[in-house]
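Given chain A, put chain B in place with the hints provided.
Going line by line, the protein sequences match chains A and B.
The first sequence begins at 1 in the numbering used here and counts up by one.
The second sequence begins at 362 in the numbering used here and counts up by one.
Since the hints were made in silico from the structure, they are not lab data.
Among the clues, some could well be false.
Said to hold, decoys possible - Computed list of lysine-lysine pairs in DSSO-like fashion (alpha-carbon distance at most 30 Å, straight line):
id : chain 1 : residue 1 : chain 2 : residue 2
1  : A       : K301      : A       : K336
2  : A       : K115      : A       : K179
3  : A       : K292      : A       : K179
4  : A       : K292      : B       : K400
5  : A       : K115      : A       : K158
6  : A       : K234      : A       : K179
7  : B       : K400      : A       : K301
8  : A       : K134      : A       : K115
9  : A       : K336      : B       : K400
Claimed, not checked - Stretches of chain B that chain A covers, calculated by requiring three or more beta carbons in the stretch to come under 8 Å of a beta carbon on chain A:
id : stretch
10 : 413 to 422
11 : 469 to 476
12 : 536 to 549
Stated by the list, open to error - What follows is a set of in silico ranges between Cβ atoms, one per label pair, in the way DEER data are often shown:
id : chain 1 : residue 1 : chain 2 : residue 2 : range
13 : A       : P326      : B       : R408      : 30 to 36 Å
14 : A       : R224      : B       : L552      : 47 to 53 Å
15 : A       : T144      : B       : Y511      : 53 to 59 Å
16 : A       : G190      : B       : F540      : 38 to 44 Å
17 : A       : L322      : B       : E412      : 37 to 43 Å
18 : A       : G172      : B       : Y403      : 35 to 41 Å
19 : A       : R102      : B       : Y403      : 49 to 55 Å
Since we're looking at a predicted model, the values are computed, not measured.
Every residue, glycine too, gets a C-beta built ideally from N, C-alpha and C.
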Amino acid sequence: MRRRRSVVGGRHAIVQLLIVGLLAGGALAQKAPEKLRDSVAACLACHDDKQLSVQLRDGATMSLHVDPQGFLHSVHGSQLVCTDCHARYEENHPSGATFPSRRAYAIASYETCKKCHFDTYTRTLESVHYELLKNGLDSAPICTDCHGAHNIQNPHEKRAMVSRSCASCHDGVYLRYAKSVHGKALEEGGNQDVPACADCHTHHQIQAPGTTQFRLGSPQICIRCHGDRQLMAKYGISATVAQTYLSDFHGVTASLAGGGALLPQQVVVTCIDCHGVHDIASPRLMGGEAMKASVAATCAKCHEGASPAFPAAWLSHYEPSLRHAPLVFFVQLFYKVFIPFVVIGLVLQVLLHLYRVSLGR
Amino acid sequence: MRGADVSEYVVRFSVWARVQHAAVIALFALLLLTGMPQKWPYVEASRWIIEHLGGIFVVRWLHRAAGVAFSVLLVVHVAVAIGGVLSRRTRPSMLLSVRDFRDAVDFLRYCLGWAEAPPRFGRFDYRQKFEYWGLVFGGFVMALTGFILYFPIAVSRVLPAELIPAAKVMHSYEALLAFLIILVWHLFAVLLSPEAFPIDTSIFTGKIRKERLRHEHALEYEELVGRE
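Bound-form chain A, shown alone (with noise of 0.2 Å):
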């Protein structure tokens, strides 16, 4: 009997052990956003005001209404503080300083971010938008205008509003992206394995896509996923189209062109060039006749009077088989047998030569 009181005695230890942690716990984790809070509440005294606003020089009127729920809601919002990017404004604040513009005042602040971000923001010096910047382009965009500034989300879980960033600006591309297979599949469906605009172009330290040399490693963009033999089997996509196109004279020549630049005579076919950049149909929905058709004239674009019978000459990323290019594949396979069979008899009769030789006449 008091051996079991003493077990039930040890239970009800563990258990008022384990209510004290979670109070304390409980206590800890509250404590920050109550202490946030505090600090929040003491600027949103003033910034949860729809009419707070200053004049700037230029004439524009700048709203300084900050929404409490977006930034609660933000992915800052538990961890951050207004003054830990507003820094400056710790002392002496309303202090009626002003800015030139609107835009003036976003990129003085947004290099705030690199407290934090610094890695995320050195790759952004090298990219083609810093450039821009630097070169006095004003709207070239800084982190705010793909991120936003209270309201920021965690990127990775929403693909699609990232994308949509960069139509505020290339709206035009983003329409026909968004018509493709993958904008669609990642618009209507919410597909996480299609490209957004940042999986191609990176996100931080995009390119110029213009130049020789991003074009010349473009097919490394869609061979990261095409190459990819899971991912590929998913949608039942032949996972070979790089293997095939990378044997090809076409991947030759890219794959051995790559470094300096090209003269215009010197044509090098990359993936794009065929498929399409932003706005890539799905060729199996195309449908067998529409597809010989677009081939054709797909080809016809650099070879120039190709008559609709010249895209067999390219095997449509197919091995050579007794159902794709039964011709390629006997040959192909005439040579396997025939060549060793030639090389192994010489090779047999030198031997056989020599043998004789070393027995004397």
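What follows is chain B alone, placed relative to chain A:
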């Protein structure tokens, strides 16, 4: 003074034959050097060669130029050979006959020790003839498939376009076959074989020692000097 030495030699190859052989060496080497890296473009050595020859566009240009030159040489060679035979200025000593196949079997029997002596050969032995016809036939295969690859659009207008990738495979494998035959058969015969070691110079100098002729081309020798 040199009379005795000179009389030891007989003329075996005309200037035209020697020039052709030298041209084939140069063109074959250039075609291999510019072609093999294209056959295996992802091998590190291939990429090194292509880079040091000035890039893939230069390499392809060189390959096509050498290919055109080789094709011209091939056509001229066949025309001169046929012309020579028709005008009875040369004898068709390269033509294959049943005898050559019998010689091949007899030579193998000799190697195996089933025959006491090797077969006696004429102006060209069966190995030289087989190699010659291999070069001519293979040369035409290479030239034909090469031109199909050079002018794919024109070819696809008159012939099925699937011939183009088939020609590519054929061009690539036929080249490998030619290279291997030259390597194990020709280079053995003219460099390493006990009869030729260290090198058979007759195709470069045009001359062959009478003693060698008597030994390796007994029938031709007898025709030349009469039976002894």
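Hints, one by one, checked against the model:
1. K301(A) - K336(A): violated (36 Å)
2. K115(A) - K179(A): Roughly 39 Å separates the two Cα atoms, so the pair is violated.
3. K292(A) - K179(A): holds (22 Å)
4. K292(A) - K400(B): The hint holds at about 29 Å.
5. K115(A) - K158(A): Given that 30 Å is the threshold and the Cα spacing comes to 24 Å, the pair holds.
6. K234(A) - K179(A): holds (22 Å)
7. K400(B) - K301(A): Between K400(B) and K301(A) the Cα gap is close to 27 Å, so the pair holds against 30 Å.
8. K134(A) - K115(A): This hinted pair holds, its Cα atoms lying about 20 Å apart.
9. K336(A) - K400(B): holds (15 Å)
10. 413 to 422: holds (count 3)
11. 469 to 476: holds (count 5)
12. 536 to 549: It holds, with 7 qualifying residues against the three required.
13. P326(A) - R408(B): 30 to 36 Å: Holds - the Cβ-Cβ distance for P326(A) and R408(B), about 33 Å, lies within 30 to 36 Å.
14. R224(A) - L552(B): 47 to 53 Å: Check passed, 50 Å falls within 47 to 53 Å.
15. T144(A) - Y511(B): 53 to 59 Å: Check passed, 57 Å falls within 53 to 59 Å.
16. G190(A) - F540(B): 38 to 44 Å: Hint violated: Cβ distance 56 Å, outside 38 to 44 Å.
17. L322(A) - E412(B): 37 to 43 Å: Distance hint for L322(A), E412(B) holds at roughly 39 Å.
18. G172(A) - Y403(B): 35 to 41 Å: At roughly 38 Å between Cβ atoms, Y403(B) and G172(A) fall inside 35 to 41 Å, so the hint holds.
19. R102(A) - Y403(B): 49 to 55 Å: Holds - the Cβ-Cβ distance for R102(A) and Y403(B), about 54 Å, lies within 49 to 55 Å.
The structure fails hints 1, 2 and 16 (numbered hints given earlier, in ascending order).
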